[in-house]
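Asker: Build the full structure now, drawing on both the sequences and the hints.
Okay, so the sequence shown: first residue is 829 according to this note's numbering, each after it adds one.
If you're looking for bench data, these hints aren't it; they were derived computationally from the structure. Some hints could be false.
[What the hints assert, rightly or not] Lysine-lysine pairs mimicking DSBU-like chemistry, simulated, CA-CA at most 30 Å apart:
(1) Lys1173 with Lys1350
(2) Lys905 with Lys970
(3) Lys1166 with Lys1350
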Amino acid sequence: MFSARLRWLSFGLTASFLLILVRLFYWQILAGPRLQALGLLQYQTQRRQEPGRGQILSADDYPLAINQTDYSLYVYKPALTLDVERLSAQLAPYFLPGPLIATAGSELLAMANDQAAQTFQQVLTTDSTWVPLAHHLDASLKARLEALNLPGLSFEANATRLYPEASLAAQLIGFVGSDEAGYPRGYFGLEGFYHRALSGVPGSLRSETDLLGRPIIFGAYQQIEALNGRSLKTHLDRGLQLLVESQLRQGLRRYAADAGEVIVMDPTTGAILALAALPNFDPNHYSEFLSAAYRLPAIAETYEPGSTFKLLVLAAALNEAVVTPETTCDQACQGPVKIGPYTIKTWDNQYHPGQTVSQILARSDNVGMVYLARLLGQAQLSQYLEAFGIGQPSGVDLEGETVVPLRQSWGEIDLATAAFGQGVAVNSLQMLAAVNAIAAAGQRFQPQVVASLIEPDGNQVNLEPRPVNQVLRPETAKIMTELMVGAVAHGEAKWSLPQGYRLAGKTGTAQIPISGHYDQDKTIASFIGFAPADQPRFAMLVKLREPQTSPWASETAAPLWFNLAQAIFVYLNIPPS
829 MFSARLRWLS
839 FGLTASFLLI
849 LVRLFYWQIL
859 AGPRLQALGL
869 LQYQTQRRQE
879 PGRGQILSAD
889 DYPLAINQTD
899 YSLYVYKPAL
909 TLDVERLSAQ
919 LAPYFLPGPL
929 IATAGSELLA
939 MANDQAAQTF
949 QQVLTTDSTW
959 VPLAHHLDAS
969 LKARLEALNL
979 PGLSFEANAT
989 RLYPEASLAA
999 QLIGFVGSDE
1009 AGYPRGYFGL
1019 EGFYHRALSG
1029 VPGSLRSETD
1039 LLGRPIIFGA
1049 YQQIEALNGR
1059 SLKTHLDRGL
1069 QLLVESQLRQ
1079 GLRRYAADAG
1089 EVIVMDPTTG
1099 AILALAALPN
1109 FDPNHYSEFL
1119 SAAYRLPAIA
1129 ETYEPGSTFK
1139 LLVLAAALNE
1149 AVVTPETTCD
1159 QACQGPVKIG
1169 PYTIKTWDNQ
1179 YHPGQTVSQI
1189 LARSDNVGMV
1199 YLARLLGQAQ
1209 LSQYLEAFGI
1219 GQPSGVDLEG
1229 ETVVPLRQSW
1239 GEIDLATAAF
1249 GQGVAVNSLQ
1259 MLAAVNAIAA
1269 AGQRFQPQVV
1279 ASLIEPDGNQ
1289 VNLEPRPVNQ
1299 VLRPETAKIM
1309 TELMVGAVAH
1319 GEAKWSLPQG
1329 YRLAGKTGTA
1339 QIPISGHYDQ
1349 DKTIASFIGF
1359 APADQPRFAM
1369 LVKLREPQTS
1379 PWASETAAPL
1389 WFNLAQAIFV
1399 YLNIPPS
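Answerer: See the structure below:
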(Lines of atoms letter the chains of each structure in order from A and count residues from 1; the text may use other names and numbers.)
(Lines give C-alpha, C1' and ligand atoms only; values in the text may rest on other atoms or scores of the structure.)
Protein backbone atom coordinates (compact mmCIF):
# COMPACT_ATOMS: atom_id res chain seq x y z
CA MET A 1 0.00 0.00 0.00
CA PHE A 2 2.76 2.35 1.00
CA SER A 3 4.84 1.47 -2.06
CA ALA A 4 1.84 2.08 -4.35
CA ARG A 5 1.36 5.54 -2.88
CA LEU A 6 5.05 6.21 -3.27
CA ARG A 7 4.90 5.18 -6.92
CA TRP A 8 1.93 7.50 -7.54
CA LEU A 9 3.75 10.32 -5.76
CA SER A 10 6.87 9.71 -7.83
CA PHE A 11 4.79 9.60 -11.00
CA GLY A 12 3.06 12.88 -10.07
CA LEU A 13 6.33 14.61 -9.27
CA THR A 14 7.90 13.34 -12.49
CA ALA A 15 4.90 14.43 -14.55
CA SER A 16 4.92 17.85 -12.90
CA PHE A 17 8.64 18.16 -13.54
CA LEU A 18 8.16 17.20 -17.19
CA LEU A 19 5.30 19.68 -17.53
CA ILE A 20 7.49 22.40 -16.08
CA LEU A 21 10.25 21.48 -18.54
CA VAL A 22 7.79 21.63 -21.46
CA ARG A 23 6.55 25.05 -20.36
CA LEU A 24 10.08 26.27 -19.83
CA PHE A 25 10.99 25.03 -23.31
CA TYR A 26 8.01 26.88 -24.74
CA TRP A 27 8.67 30.18 -22.94
CA GLN A 28 12.44 30.11 -23.30
CA ILE A 29 12.89 28.60 -26.75
CA LEU A 30 9.69 28.87 -28.77
CA ALA A 31 8.17 32.07 -27.41
CA GLY A 32 11.43 33.59 -26.22
CA PRO A 33 12.24 35.79 -29.24
CA ARG A 34 8.69 37.18 -29.36
CA LEU A 35 8.65 37.92 -25.65
CA GLN A 36 12.07 39.50 -25.86
CA ALA A 37 10.86 41.76 -28.66
CA LEU A 38 7.77 42.72 -26.64
CA GLY A 39 9.98 43.47 -23.68
CA LEU A 40 12.24 45.68 -25.75
CA LEU A 41 9.21 47.63 -26.94
CA GLN A 42 8.41 48.50 -23.34
CA TYR A 43 11.69 50.28 -22.74
CA GLN A 44 12.97 51.11 -26.22
CA THR A 45 11.67 53.51 -28.86
CA GLN A 46 12.69 53.65 -32.51
CA ARG A 47 12.10 56.44 -35.02
CA ARG A 48 12.77 56.47 -38.74
CA GLN A 49 15.01 59.20 -40.12
CA GLU A 50 14.40 60.23 -43.72
CA PRO A 51 17.41 60.70 -46.02
CA GLY A 52 17.86 63.80 -48.15
CA ARG A 53 16.43 63.24 -51.64
CA GLY A 54 18.79 63.89 -54.53
CA GLN A 55 18.36 66.92 -56.77
CA ILE A 56 17.42 66.96 -60.45
CA LEU A 57 19.56 69.32 -62.51
CA SER A 58 19.51 70.64 -66.06
CA ALA A 59 22.49 70.18 -68.39
CA ASP A 60 23.93 73.48 -67.12
CA ASP A 61 23.46 72.48 -63.46
CA TYR A 62 20.35 74.61 -62.93
CA PRO A 63 18.12 73.03 -60.25
CA LEU A 64 14.86 71.60 -61.58
CA ALA A 65 13.94 69.71 -58.39
CA ILE A 66 15.45 70.51 -54.99
CA ASN A 67 14.62 70.09 -51.31
CA GLN A 68 13.35 72.64 -48.83
CA THR A 69 12.81 72.22 -45.10
CA ASP A 70 9.45 71.71 -43.47
CA TYR A 71 8.53 70.12 -40.16
CA SER A 72 6.66 67.17 -38.68
CA LEU A 73 4.78 67.58 -35.41
CA TYR A 74 5.12 64.80 -32.83
CA VAL A 75 3.49 64.42 -29.44
CA TYR A 76 5.46 62.83 -26.58
CA LYS A 77 2.49 61.53 -24.59
CA PRO A 78 4.21 60.97 -21.17
CA ALA A 79 5.02 64.71 -21.03
CA LEU A 80 1.48 65.92 -21.73
CA THR A 81 -0.16 68.13 -19.11
CA LEU A 82 -3.46 68.41 -21.00
CA ASP A 83 -5.81 65.54 -21.66
CA VAL A 84 -6.18 64.35 -25.24
CA GLU A 85 -9.52 66.08 -25.79
CA ARG A 86 -8.33 69.51 -24.63
CA LEU A 87 -5.04 69.23 -26.51
CA SER A 88 -6.83 68.27 -29.73
CA ALA A 89 -9.26 71.18 -29.40
CA GLN A 90 -6.40 73.62 -28.84
CA LEU A 91 -4.38 72.42 -31.84
CA ALA A 92 -7.20 71.98 -34.36
CA PRO A 93 -7.67 75.68 -35.35
CA TYR A 94 -4.07 75.84 -36.58
CA PHE A 95 -4.77 73.20 -39.25
CA LEU A 96 -7.68 74.78 -41.15
CA PRO A 97 -6.77 74.34 -43.96
CA GLY A 98 -3.32 72.98 -43.47
CA PRO A 99 -0.75 70.25 -43.52
CA LEU A 100 -1.34 66.56 -43.83
CA ILE A 101 -2.64 65.03 -40.62
CA ALA A 102 -0.74 61.81 -40.11
CA THR A 103 -3.47 59.25 -40.63
CA ALA A 104 -2.67 56.30 -42.87
CA GLY A 105 -3.48 56.99 -46.51
CA SER A 106 -4.95 60.43 -45.81
CA GLU A 107 -5.16 63.16 -48.42
CA LEU A 108 -4.45 66.87 -48.08
CA LEU A 109 -7.81 68.07 -46.77
CA ALA A 110 -9.19 71.27 -45.34
CA MET A 111 -11.32 69.99 -42.49
CA ALA A 112 -13.77 71.73 -40.23
CA ASN A 113 -12.51 72.49 -36.73
CA ASP A 114 -14.43 69.68 -35.02
CA GLN A 115 -13.36 67.18 -37.67
CA ALA A 116 -9.71 68.15 -37.16
CA ALA A 117 -10.04 67.84 -33.39
CA GLN A 118 -11.72 64.45 -33.73
CA THR A 119 -8.96 63.21 -36.03
CA PHE A 120 -6.29 64.38 -33.58
CA GLN A 121 -8.04 62.52 -30.77
CA GLN A 122 -8.10 59.30 -32.80
CA VAL A 123 -4.39 59.60 -33.54
CA LEU A 124 -3.48 60.40 -29.94
CA THR A 125 -5.34 57.42 -28.48
CA THR A 126 -2.82 54.96 -29.94
CA ASP A 127 -0.50 53.05 -27.61
CA SER A 128 2.64 54.68 -28.98
CA THR A 129 4.72 56.92 -26.76
CA TRP A 130 5.74 59.15 -29.65
CA VAL A 131 2.79 59.99 -31.90
CA PRO A 132 3.26 61.69 -35.30
CA LEU A 133 0.44 64.23 -35.44
CA ALA A 134 1.00 66.25 -38.62
CA HIS A 135 3.49 66.58 -41.48
CA HIS A 136 4.58 69.36 -43.86
CA LEU A 137 4.39 72.28 -41.43
CA ASP A 138 6.13 75.44 -42.63
CA ALA A 139 8.41 77.50 -40.38
CA SER A 140 5.65 80.02 -39.65
CA LEU A 141 3.19 77.42 -38.37
CA LYS A 142 5.93 75.72 -36.37
CA ALA A 143 6.72 79.02 -34.64
CA ARG A 144 3.05 79.63 -33.83
CA LEU A 145 2.69 76.17 -32.30
CA GLU A 146 5.90 76.56 -30.29
CA ALA A 147 4.52 79.84 -28.91
CA LEU A 148 1.72 77.86 -27.24
CA ASN A 149 4.31 76.40 -24.84
CA LEU A 150 2.47 73.09 -24.66
CA PRO A 151 4.53 70.36 -22.95
CA GLY A 152 4.89 67.22 -25.04
CA LEU A 153 5.02 68.86 -28.48
CA SER A 154 8.12 68.06 -30.52
CA PHE A 155 9.17 68.99 -34.06
CA GLU A 156 11.37 67.24 -36.57
CA ALA A 157 12.80 68.94 -39.66
CA ASN A 158 12.12 67.25 -43.01
CA ALA A 159 13.23 67.92 -46.55
CA THR A 160 10.32 68.43 -48.96
CA ARG A 161 10.39 68.75 -52.72
CA LEU A 162 10.45 72.13 -54.47
CA TYR A 163 10.34 72.69 -58.23
CA PRO A 164 11.84 76.15 -58.87
CA GLU A 165 10.69 76.25 -62.50
CA ALA A 166 7.09 75.32 -61.61
CA SER A 167 5.47 73.74 -64.68
CA LEU A 168 8.59 73.68 -66.88
CA ALA A 169 9.05 70.10 -68.16
CA ALA A 170 6.60 69.02 -65.45
CA GLN A 171 5.56 65.66 -66.94
CA LEU A 172 9.17 64.78 -67.69
CA ILE A 173 10.30 65.54 -64.12
CA GLY A 174 7.29 64.11 -62.26
CA PHE A 175 6.66 64.90 -58.59
CA VAL A 176 7.11 63.57 -55.06
CA GLY A 177 4.02 62.61 -53.08
CA SER A 178 3.43 60.16 -50.23
CA ASP A 179 3.01 56.41 -50.29
CA GLU A 180 0.41 54.51 -48.25
CA ALA A 181 2.59 54.70 -45.15
CA GLY A 182 3.05 58.46 -45.51
CA TYR A 183 6.66 58.30 -46.66
CA PRO A 184 7.97 60.29 -49.67
CA ARG A 185 7.52 58.56 -53.03
CA GLY A 186 8.40 59.71 -56.53
CA TYR A 187 5.70 59.45 -59.18
CA PHE A 188 5.90 59.73 -62.97
CA GLY A 189 8.80 60.96 -65.10
CA LEU A 190 12.26 61.06 -63.59
CA GLU A 191 11.01 61.18 -60.00
CA GLY A 192 9.23 57.86 -60.54
CA PHE A 193 11.81 56.08 -62.70
CA TYR A 194 14.79 57.03 -60.52
CA HIS A 195 12.97 56.89 -57.17
CA ARG A 196 15.37 54.36 -55.64
CA ALA A 197 18.45 56.33 -56.66
CA LEU A 198 17.00 59.68 -55.61
CA SER A 199 15.48 58.59 -52.30
CA GLY A 200 18.54 57.07 -50.64
CA VAL A 201 18.34 54.76 -47.61
CA PRO A 202 16.41 55.73 -44.44
CA GLY A 203 18.17 55.73 -41.09
CA SER A 204 16.84 55.04 -37.61
CA LEU A 205 17.24 56.28 -34.05
CA ARG A 206 16.72 53.77 -31.20
CA SER A 207 16.88 54.88 -27.57
CA GLU A 208 16.18 53.31 -24.16
CA THR A 209 13.27 54.68 -22.11
CA ASP A 210 11.92 54.27 -18.58
CA LEU A 211 8.49 52.92 -17.58
CA LEU A 212 6.90 56.27 -18.45
CA GLY A 213 8.49 56.31 -21.87
CA ARG A 214 11.04 59.01 -21.00
CA PRO A 215 14.54 58.71 -22.50
CA ILE A 216 17.14 57.34 -20.08
CA ILE A 217 20.09 59.72 -20.21
CA PHE A 218 22.69 56.99 -19.81
CA GLY A 219 20.62 54.27 -21.46
CA ALA A 220 21.38 52.37 -24.63
CA TYR A 221 21.40 54.57 -27.74
CA GLN A 222 21.78 53.42 -31.33
CA GLN A 223 21.65 55.59 -34.43
CA ILE A 224 21.91 54.38 -38.02
CA GLU A 225 22.63 57.37 -40.21
CA ALA A 226 20.42 57.89 -43.25
CA LEU A 227 22.19 57.64 -46.60
CA ASN A 228 21.23 60.57 -48.82
CA GLY A 229 20.04 59.92 -52.36
CA ARG A 230 21.94 60.51 -55.57
CA SER A 231 21.28 63.55 -57.76
CA LEU A 232 20.50 63.45 -61.47
CA LYS A 233 22.14 65.66 -64.07
CA THR A 234 20.02 65.58 -67.20
CA HIS A 235 20.65 66.33 -70.86
CA LEU A 236 17.80 68.84 -70.65
CA ASP A 237 18.81 72.25 -71.98
CA ARG A 238 16.82 74.66 -69.81
CA GLY A 239 16.97 77.54 -72.30
CA LEU A 240 15.90 75.27 -75.14
CA GLN A 241 13.09 73.84 -73.01
CA LEU A 242 11.79 77.35 -72.30
CA LEU A 243 11.97 78.21 -76.00
CA VAL A 244 10.16 75.03 -77.06
CA GLU A 245 7.37 75.40 -74.49
CA SER A 246 6.84 79.04 -75.46
CA GLN A 247 6.62 78.23 -79.19
CA LEU A 248 4.35 75.25 -78.54
CA ARG A 249 2.01 77.40 -76.45
CA GLN A 250 1.79 79.91 -79.31
CA GLY A 251 1.20 77.08 -81.77
CA LEU A 252 -1.70 75.68 -79.76
CA ARG A 253 -3.36 79.09 -79.80
CA ARG A 254 -2.60 79.74 -83.48
CA TYR A 255 -4.00 76.42 -84.69
CA ALA A 256 -6.65 75.99 -81.96
CA ALA A 257 -5.33 72.54 -81.03
CA ASP A 258 -6.41 70.62 -77.94
CA ALA A 259 -2.90 69.52 -76.99
CA GLY A 260 0.61 69.39 -78.35
CA GLU A 261 4.06 67.87 -77.95
CA VAL A 262 7.58 68.72 -79.03
CA ILE A 263 10.62 66.47 -78.56
CA VAL A 264 14.16 67.59 -79.44
CA MET A 265 16.87 64.92 -79.55
CA ASP A 266 20.60 64.83 -80.19
CA PRO A 267 20.95 62.62 -83.30
CA THR A 268 24.44 61.44 -82.38
CA THR A 269 23.61 60.14 -78.89
CA GLY A 270 19.84 59.85 -78.42
CA ALA A 271 20.00 62.43 -75.62
CA ILE A 272 16.73 64.30 -75.08
CA LEU A 273 17.52 68.01 -75.14
CA ALA A 274 13.95 69.24 -74.68
CA LEU A 275 10.56 67.64 -74.24
CA ALA A 276 7.43 69.75 -73.97
CA ALA A 277 3.81 68.71 -73.56
CA LEU A 278 0.83 71.02 -73.16
CA PRO A 279 -1.38 71.29 -71.25
CA ASN A 280 0.78 70.52 -68.23
CA PHE A 281 0.70 71.02 -64.44
CA ASP A 282 2.67 72.52 -61.56
CA PRO A 283 4.36 69.74 -59.54
CA ASN A 284 4.55 72.07 -56.53
CA HIS A 285 0.74 71.86 -56.37
CA TYR A 286 0.08 68.57 -58.11
CA SER A 287 -2.98 67.77 -55.99
CA GLU A 288 -4.80 70.71 -57.57
CA PHE A 289 -4.70 69.05 -61.01
CA LEU A 290 -6.45 66.03 -62.48
CA SER A 291 -4.28 62.91 -62.45
CA ALA A 292 -4.45 62.72 -66.26
CA ALA A 293 -2.23 65.82 -66.37
CA TYR A 294 0.64 63.94 -64.70
CA ARG A 295 1.24 61.56 -67.60
CA LEU A 296 3.83 62.40 -70.24
CA PRO A 297 1.91 61.94 -73.51
CA ALA A 298 5.11 61.51 -75.52
CA ILE A 299 5.50 58.06 -73.94
CA ALA A 300 2.14 57.38 -72.25
CA GLU A 301 -0.15 57.89 -75.26
CA THR A 302 -0.05 55.96 -78.52
CA TYR A 303 -1.38 57.10 -81.88
CA GLU A 304 -1.41 56.07 -85.53
CA PRO A 305 1.48 58.06 -87.02
CA GLY A 306 0.12 58.53 -90.51
CA SER A 307 2.48 59.63 -93.27
CA THR A 308 5.56 60.09 -91.07
CA PHE A 309 5.59 56.27 -90.94
CA LYS A 310 6.27 56.21 -94.69
CA LEU A 311 9.87 57.11 -93.90
CA LEU A 312 10.43 53.76 -92.18
CA VAL A 313 8.75 51.72 -94.93
CA LEU A 314 10.68 53.50 -97.68
CA ALA A 315 13.98 53.19 -95.78
CA ALA A 316 13.43 49.43 -95.45
CA ALA A 317 12.67 49.08 -99.18
CA LEU A 318 15.80 51.04 -100.12
CA ASN A 319 17.99 49.12 -97.68
CA GLU A 320 16.78 45.81 -99.16
CA ALA A 321 17.44 47.20 -102.66
CA VAL A 322 13.95 46.32 -103.88
CA VAL A 323 13.73 49.92 -105.17
CA THR A 324 15.96 52.91 -105.87
CA PRO A 325 14.97 56.59 -105.76
CA GLU A 326 14.48 56.40 -109.56
CA THR A 327 12.26 53.31 -109.54
CA THR A 328 8.91 54.16 -111.13
CA CYS A 329 5.43 53.14 -110.09
CA ASP A 330 3.56 52.65 -113.35
CA GLN A 331 0.39 50.59 -113.50
CA ALA A 332 0.12 50.27 -109.69
CA CYS A 333 -0.18 54.06 -109.37
CA GLN A 334 -2.89 54.57 -112.00
CA GLY A 335 -5.73 54.71 -109.48
CA PRO A 336 -7.09 53.58 -106.11
CA VAL A 337 -6.07 50.23 -104.66
CA LYS A 338 -8.91 47.80 -103.95
CA ILE A 339 -8.43 45.09 -101.32
CA GLY A 340 -11.62 43.16 -100.61
CA PRO A 341 -14.21 45.66 -99.41
CA TYR A 342 -11.59 48.37 -98.86
CA THR A 343 -10.48 51.10 -101.26
CA ILE A 344 -7.24 53.00 -100.68
CA LYS A 345 -6.94 56.43 -102.29
CA THR A 346 -4.38 59.21 -102.29
CA TRP A 347 -4.98 62.09 -99.87
CA ASP A 348 -6.02 64.42 -102.72
CA ASN A 349 -7.52 61.70 -104.97
CA GLN A 350 -4.95 62.55 -107.65
CA TYR A 351 -2.92 59.74 -109.30
CA HIS A 352 0.44 59.81 -111.01
CA PRO A 353 1.39 56.69 -113.00
CA GLY A 354 5.09 56.67 -113.82
CA GLN A 355 6.11 58.65 -110.75
CA THR A 356 9.45 57.85 -109.11
CA VAL A 357 10.03 56.72 -105.54
CA SER A 358 11.30 60.19 -104.62
CA GLN A 359 8.10 61.70 -106.00
CA ILE A 360 5.99 59.19 -104.05
CA LEU A 361 7.53 60.50 -100.83
CA ALA A 362 7.32 64.17 -101.84
CA ARG A 363 3.64 63.78 -102.77
CA SER A 364 2.98 61.57 -99.73
CA ASP A 365 1.22 59.18 -102.10
CA ASN A 366 -0.61 56.39 -100.24
CA VAL A 367 -1.10 54.29 -103.37
CA GLY A 368 2.59 54.52 -104.20
CA MET A 369 3.48 53.45 -100.66
CA VAL A 370 1.24 50.37 -100.95
CA TYR A 371 3.22 49.48 -104.08
CA LEU A 372 6.51 49.77 -102.16
CA ALA A 373 5.22 47.72 -99.21
CA ARG A 374 4.13 44.93 -101.51
CA LEU A 375 7.57 44.85 -103.15
CA LEU A 376 9.18 44.62 -99.72
CA GLY A 377 6.77 42.00 -98.35
CA GLN A 378 5.21 41.53 -94.95
CA ALA A 379 8.02 39.45 -93.42
CA GLN A 380 10.76 41.93 -94.22
CA LEU A 381 8.64 44.92 -93.29
CA SER A 382 7.94 43.38 -89.87
CA GLN A 383 11.64 42.73 -89.32
CA TYR A 384 12.54 46.32 -90.15
CA LEU A 385 9.82 47.80 -87.99
CA GLU A 386 11.10 45.74 -85.07
CA ALA A 387 14.65 46.89 -85.86
CA PHE A 388 13.41 50.49 -85.77
CA GLY A 389 11.97 49.80 -82.30
CA ILE A 390 8.30 49.87 -83.28
CA GLY A 391 6.12 47.79 -80.94
CA GLN A 392 8.82 47.69 -78.25
CA PRO A 393 9.64 49.90 -75.25
CA SER A 394 11.98 52.69 -76.24
CA GLY A 395 14.05 52.07 -73.10
CA VAL A 396 13.90 55.73 -72.10
CA ASP A 397 14.62 56.43 -68.44
CA LEU A 398 11.16 57.77 -67.65
CA GLU A 399 8.25 56.16 -65.81
CA GLY A 400 4.98 55.41 -67.56
CA GLU A 401 5.73 54.30 -71.13
CA THR A 402 2.89 52.66 -73.07
CA VAL A 403 3.68 50.27 -75.92
CA VAL A 404 1.39 48.51 -78.40
CA PRO A 405 3.09 45.39 -79.85
CA LEU A 406 3.11 44.81 -83.59
CA ARG A 407 0.45 42.44 -84.84
CA GLN A 408 1.51 38.80 -85.15
CA SER A 409 -0.56 37.94 -88.21
CA TRP A 410 -0.88 40.29 -91.16
CA GLY A 411 -3.56 40.30 -93.80
CA GLU A 412 -3.20 41.98 -97.17
CA ILE A 413 -5.06 45.05 -95.92
CA ASP A 414 -2.81 45.27 -92.84
CA LEU A 415 0.31 45.41 -95.00
CA ALA A 416 -1.27 48.04 -97.24
CA THR A 417 -2.44 50.36 -94.46
CA ALA A 418 0.82 50.01 -92.51
CA ALA A 419 2.57 51.41 -95.59
CA PHE A 420 1.07 54.83 -94.85
CA GLY A 421 0.91 54.62 -91.06
CA GLN A 422 -2.56 53.32 -90.32
CA GLY A 423 -3.30 50.20 -88.27
CA VAL A 424 -0.06 50.55 -86.31
CA ALA A 425 0.37 52.40 -83.02
CA VAL A 426 3.43 54.21 -81.71
CA ASN A 427 4.22 56.73 -79.04
CA SER A 428 5.91 59.97 -80.04
CA LEU A 429 9.29 59.10 -78.58
CA GLN A 430 9.34 55.71 -80.33
CA MET A 431 8.67 57.47 -83.63
CA LEU A 432 11.36 60.10 -83.16
CA ALA A 433 13.93 57.51 -82.06
CA ALA A 434 13.20 55.49 -85.21
CA VAL A 435 13.56 58.45 -87.60
CA ASN A 436 16.60 59.62 -85.66
CA ALA A 437 18.36 56.49 -86.94
CA ILE A 438 18.26 58.03 -90.43
CA ALA A 439 19.98 61.16 -89.09
CA ALA A 440 22.57 58.98 -87.30
CA ALA A 441 23.79 57.15 -90.42
CA GLY A 442 21.48 54.20 -89.76
CA GLN A 443 22.33 53.72 -86.07
CA ARG A 444 19.42 53.61 -83.62
CA PHE A 445 20.06 54.98 -80.14
CA GLN A 446 18.11 54.44 -76.95
CA PRO A 447 16.57 57.76 -75.87
CA GLN A 448 18.18 59.07 -72.70
CA VAL A 449 17.23 61.89 -70.33
CA VAL A 450 19.85 61.56 -67.58
CA ALA A 451 23.47 62.30 -68.40
CA SER A 452 25.02 61.37 -65.05
CA LEU A 453 24.34 60.29 -61.47
CA ILE A 454 25.94 62.38 -58.73
CA GLU A 455 26.76 60.57 -55.49
CA PRO A 456 26.22 62.32 -52.12
CA ASP A 457 30.00 62.80 -51.88
CA GLY A 458 30.03 64.64 -55.22
CA ASN A 459 31.44 61.80 -57.30
CA GLN A 460 29.83 61.84 -60.75
CA VAL A 461 29.03 58.69 -62.74
CA ASN A 462 28.44 59.44 -66.41
CA LEU A 463 25.86 57.44 -68.36
CA GLU A 464 27.20 56.72 -71.81
CA PRO A 465 25.06 56.85 -74.97
CA ARG A 466 23.37 53.53 -75.69
CA PRO A 467 23.45 52.45 -79.34
CA VAL A 468 20.85 49.73 -79.93
CA ASN A 469 21.41 48.43 -83.45
CA GLN A 470 22.44 49.38 -86.97
CA VAL A 471 19.08 49.50 -88.76
CA LEU A 472 20.25 50.87 -92.11
CA ARG A 473 23.45 50.97 -94.07
CA PRO A 474 25.04 54.46 -93.91
CA GLU A 475 24.55 54.85 -97.67
CA THR A 476 20.84 54.07 -97.31
CA ALA A 477 20.53 56.67 -94.55
CA LYS A 478 22.23 59.19 -96.84
CA ILE A 479 19.79 58.45 -99.68
CA MET A 480 16.85 58.74 -97.28
CA THR A 481 18.16 62.09 -96.06
CA GLU A 482 18.18 63.46 -99.61
CA LEU A 483 14.66 62.15 -100.22
CA MET A 484 13.49 63.85 -97.02
CA VAL A 485 15.16 67.09 -98.08
CA GLY A 486 13.26 66.81 -101.35
CA ALA A 487 10.02 66.15 -99.47
CA VAL A 488 10.50 69.40 -97.54
CA ALA A 489 11.47 71.44 -100.59
CA HIS A 490 8.94 70.02 -103.06
CA GLY A 491 6.28 68.40 -100.89
CA GLU A 492 2.92 69.62 -99.72
CA ALA A 493 4.41 71.70 -96.86
CA LYS A 494 5.55 74.91 -98.57
CA TRP A 495 5.41 77.39 -95.73
CA SER A 496 8.30 79.80 -95.28
CA LEU A 497 11.37 77.68 -94.60
CA PRO A 498 14.44 78.88 -92.70
CA GLN A 499 16.69 80.37 -95.34
CA GLY A 500 20.16 78.94 -95.89
CA TYR A 501 19.48 75.57 -94.23
CA ARG A 502 18.80 72.13 -95.67
CA LEU A 503 15.99 70.49 -93.70
CA ALA A 504 15.05 66.82 -93.82
CA GLY A 505 11.54 65.96 -92.76
CA LYS A 506 8.06 64.62 -93.41
CA THR A 507 4.51 65.58 -92.52
CA GLY A 508 1.95 63.21 -91.05
CA THR A 509 -1.81 63.66 -90.85
CA ALA A 510 -3.53 60.80 -89.06
CA GLN A 511 -7.25 60.45 -88.53
CA ILE A 512 -8.17 59.51 -84.97
CA PRO A 513 -9.87 56.10 -84.67
CA ILE A 514 -13.07 56.36 -82.62
CA SER A 515 -15.38 53.39 -81.92
CA GLY A 516 -14.02 51.30 -84.77
CA HIS A 517 -13.98 53.98 -87.47
CA TYR A 518 -11.93 57.04 -88.42
CA ASP A 519 -13.34 60.48 -87.68
CA GLN A 520 -12.76 62.68 -90.74
CA ASP A 521 -12.80 65.86 -88.66
CA LYS A 522 -10.45 64.78 -85.86
CA THR A 523 -6.78 64.43 -86.76
CA ILE A 524 -3.34 64.29 -85.22
CA ALA A 525 -1.01 66.52 -87.21
CA SER A 526 2.71 65.91 -86.93
CA PHE A 527 6.02 66.78 -88.52
CA ILE A 528 9.23 64.89 -87.92
CA GLY A 529 12.71 65.61 -89.20
CA PHE A 530 16.24 66.76 -88.50
CA ALA A 531 18.57 69.63 -89.35
CA PRO A 532 20.92 70.63 -90.80
CA ALA A 533 20.48 67.71 -93.16
CA ASP A 534 24.20 67.28 -93.93
CA GLN A 535 25.45 67.36 -90.34
CA PRO A 536 22.40 67.01 -88.09
CA ARG A 537 22.51 68.87 -84.77
CA PHE A 538 18.99 68.01 -83.70
CA ALA A 539 16.10 65.73 -84.57
CA MET A 540 12.64 66.98 -83.68
CA LEU A 541 9.03 65.87 -83.62
CA VAL A 542 6.08 68.28 -83.41
CA LYS A 543 2.60 66.87 -82.81
CA LEU A 544 -0.73 68.68 -82.50
CA ARG A 545 -3.94 66.99 -81.43
CA GLU A 546 -7.13 68.04 -83.20
CA PRO A 547 -6.06 71.38 -84.71
CA GLN A 548 -9.19 73.33 -85.66
CA THR A 549 -7.79 75.79 -88.23
CA SER A 550 -6.90 72.93 -90.58
CA PRO A 551 -6.76 69.15 -90.24
CA TRP A 552 -3.60 68.97 -92.36
CA ALA A 553 -0.12 68.74 -90.86
CA SER A 554 1.25 70.73 -93.81
CA GLU A 555 -0.74 73.73 -92.55
CA THR A 556 -0.26 73.29 -88.78
CA ALA A 557 2.52 71.05 -87.44
CA ALA A 558 4.91 71.75 -90.35
CA PRO A 559 5.00 75.55 -90.02
CA LEU A 560 5.37 75.20 -86.25
CA TRP A 561 8.31 72.81 -86.82
CA PHE A 562 9.94 75.29 -89.23
CA ASN A 563 9.49 78.19 -86.79
CA LEU A 564 11.01 76.11 -84.01
CA ALA A 565 13.90 75.04 -86.23
CA GLN A 566 14.68 78.67 -87.06
CA ALA A 567 14.70 79.56 -83.36
CA ILE A 568 16.89 76.55 -82.53
CA PHE A 569 19.40 77.52 -85.23
CA VAL A 570 19.79 80.88 -83.49
CA TYR A 571 19.84 79.41 -79.98
CA LEU A 572 22.48 76.79 -80.81
CA ASN A 573 24.49 79.17 -83.02
CA ILE A 574 24.16 76.92 -86.06
CA PRO A 575 25.31 78.88 -89.12
CA PRO A 576 23.55 78.58 -92.49
CA SER A 577 25.11 76.16 -94.93
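Asker: Compare the structure with each hint and give your call.
Answerer: Taking the hints in turn, this is what the structure says about them:
1. For the hint linking Lys1173 to Lys1350, the alpha-carbon distance of about 19 Å falls within 30 Å, and the restraint holds.
2. About 19 Å separates the Cα atoms of Lys905 and Lys970, which keeps this hinted pair within 30 Å; it holds.
3. Between Lys1166 and Lys1350 the alpha-carbon distance is near 25 Å, which keeps this suggested pair within the 30 Å criterion.
Hint violations for this structure: none, all hints satisfied.
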